[in-house]
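A.B. asks: The residues making up each chain are set out below.
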Amino acid sequence: MPVFKTPFNGYSVKFSPFYESRLAVGTAQNFGILGNGRVHILDLPPTPSSPFVEVASFDTADGVYDVAWSESHDSLLVAALADGSLKIYDLSLPPTSNPIRSLQEHSREVQSVDYNPVRRDSFVSSSWDDSIKLWTLDRPASIRSFQEHAYCVYAAVWNPRHADVFASASGDCTLRVWDVREPGSTMVVAAHEFEILSCDWNKYDDCVIATASVDKSVRVWDIRTYRTPLAVLNGHGYAARKVKFSPHNRSFLVSCSYDMTVCAWDYMVEDARIGQYGHHTEFAVGLDMSVLVEGLIASTGWDELVYVWQYGTDPRAP
Amino acid sequence: MEIAINRQRVLLEHLRPSSSSSFVYGTDSSSSSSPPISASACAAGDSAAYHRTSVFGDDVVIVAAYRTPICKAKRGGFKDTHADDLLAPVLKAVIEKSNVNPSEVGDIVVGTVLAPGSQRATECRMAAFYAGFPETVPIRTVNRQCSSGLQAVADVAAAIRAGFYDIGIGAGLESMTSSPLAWEGSVNPKVKIFEQAQSCLLPMGITSENVAHRFGVTRQEQDQAAVESHQRAAAAIASGKFKDEIIPVPTKIVDPKTGDEKPVTISIDDGVRPNARFSDLAKLKPVFKKDGSTTAGNSSQVSDGAGAVLLMKRSIAVQKGLPILGVFRTFAAVGVDPAIMGVGPAAAIPAAVKAAGLELDDIDLFEINEAFASQFVYCRNKLELDPEKVNVNGGAIALGHPLGATGARCVATLLHEMKRRGKDCRFGVISMCIGSGMGAAAVFERGDAVDDLCNARVVQSNGLLSKDAR
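Just so you know, the protein sequences line up as chains A and B, in that order. Numbered as in my numbering, the first sequence ends at 318 without a single skipped number. Numbered as in my numbering, the second sequence ends at 470 without a single skipped number.
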């Protein structure tokens, strides 16, 4: 599979839910500390030996920490920016008329954005200003702000079955589950003793959720019995930065870490770690699994490279 | 900046070592005792991951640096040349060779030491007219003794960085033929109370003896350094290395016996003795102290010369399509004990290098002024510099030390040598000691190594397509 070199440090990569060969990459200059950002829209080439095709790219005034494709329109995507804004881009329009919207409400860096996969009309963003905000495309302001976390909220992810439920992972060491119809969070899980950097729902069991933490572990929880985790996945040498459940296998998940590796896990078996990829040469920060192609994984990191590979093969193989 | 610090803090928290060691399956051991991670100072040197590129449009760059030949005072090629006639050719050269319109120059700063201040300032103004500058271009002089030429370049760089103007010339001029070292009037008797003030009055040769004595620099080491200086300078002349930087000066020579004037064009340095031998130098008597080690052979020569350096903002240079010879990175002047003023470079070089975010190891080439072999050898050893990187084309012992011009001369020599050496030679340092107890140093970076295409044209970035797709 080809490798794409981004000019800035990679922060996020997401497969399009509409086209199996398309992905979006969010990048930030100077490791996201200071400088500009860029969103790249890439198409996988028809043959593995040819390079990626860059369909479009959008420059931003601050680093892009996350991107999310719209679940309702194949040309729409949302970018989460370090300056606290969310930008909505429409690929069917020329670059000069993009972004079509800029939503500025968060007072600090927005680290994650996730599009509702069930109702397909709204998305949530989570920010270092300790809040989570709910948005829809047709409104210029957020519908609701969820303000309970005591430190940066690093991730907010919709439940794949329930249109109103999402979970959030925060640096205050808690995982919270929310229902947008309820005034406050419906559940607080003290999932780790250190900051929680990411979480993701199991796509087959709507009660199972995975968390990734600075304590280097990935834990899998059943929210009905959240006193102890279902599984503790050890193996990363530094904080696990992102975790993602497979859309095609109920017990398969992948995680990436500050130890520069990407790990694949089966949380139901004893030796849970079933794969480790050391293809990145800097922190591995962005990770996604394709909904349309089984076993297709994409990763990006501060080494400014985007890899796409089939599970079981070497990401670096041409 | 506060945002960047905050972001860095949040990210560093992610890396803090936690008690649950991940490599021990099933057990949460609390034995992890690795030291906490902290951010280290950003390195800018060869080890740095990111090189400066042409996007740094506000860099101060050098696009031209030229000098006259350096000739022996009173006996050499410029013994009958007016000081302003030395300066005019180099001022003219930097403008003509770079095709810059002289009226665009924002200021000319000339480092000059011995001549009476106001008279020399007027001479410089006259020289600017000889060189073809319009009346609108201002000029001034600066005097930081032996580093005046470098100070002039640094002053221009600072003014460009401050936004006073975009294009400036830093120059140096000295005619030691016409203005000898002398003290006018009487000395304030108060100096007797202040030991360091009194040390300022020491002849330079005595300070050299002090350095040699205090730091144990032997006569052999000094003579060896002198021989090496002559050999390197002679080799550089023989291989035509100085041709790139020297501007031939048309002038006249008066025969001292007959008084006949003869027009000549001076184009080579005349102080270099290619056949300087260790055994000959060893025979010379110490000049300043009976049992001393500083001789006429291992001290810098008394000379005439001038140099000029054209500086501008990088964005202007790119606009004009001018080749970038070097980038002016940092400058530092540091005070030292006047009685051993020669140790100046040993104090100033680390200061300037540190200010540039570099380590001494990152520096690939040095021009350290050889005021005296004693202080030169001391500074080289003190900083543990590789002799193969220092004064590769000889120094002031062979070429001469026209006080005010030396700094500008070194810039021309250093940058042209860096250009010849190619990309491996990325950083260069110029330094000299300063009479009355100071040292000055400046760090330069290669121009074209920074970005191969920086001089081609400004590319308006096209965000639509990557290079691969085009």
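For the record, the hints were derived by calculation from the structure and aren't laboratory data. Among these hints, one or two may not hold up.
Claimed, not checked - For each label pair, taking beta carbons as the anchor points, the in silico distance ranges come out as:
1) B/Gly-185 x A/Gly-35: 30 to 36 Å
2) B/Glu-13 x A/Thr-136: 32 to 38 Å
3) B/Thr-218 x A/Glu-282: 39 to 45 Å
4) A/Tyr-151 x B/Arg-161: 36 to 42 Å
5) B/Ala-158 x A/Arg-120: 58 to 64 Å
6) A/Glu-282 x B/Asp-424: 22 to 28 Å
7) B/Asn-188 x A/Gly-35: 55 to 61 Å
As the list claims (entries may be wrong) - Some chain A residues flagged as far from chain B (calculated, every beta-carbon gap over 10 Å):
8) Ser-142
9) Pro-183
10) Ile-223
Everything numeric in this text was worked out from a predicted model, so none of it was measured. Every residue, glycine too, gets a C-beta built ideally from N, C-alpha and C.
A.B. asks: For which of the previously enumerated hints does the structure constitute a violation, in increasing order of number?
C.D. replies: The structure conflicts with hints 1, 3, although it agrees with all the remaining ones.
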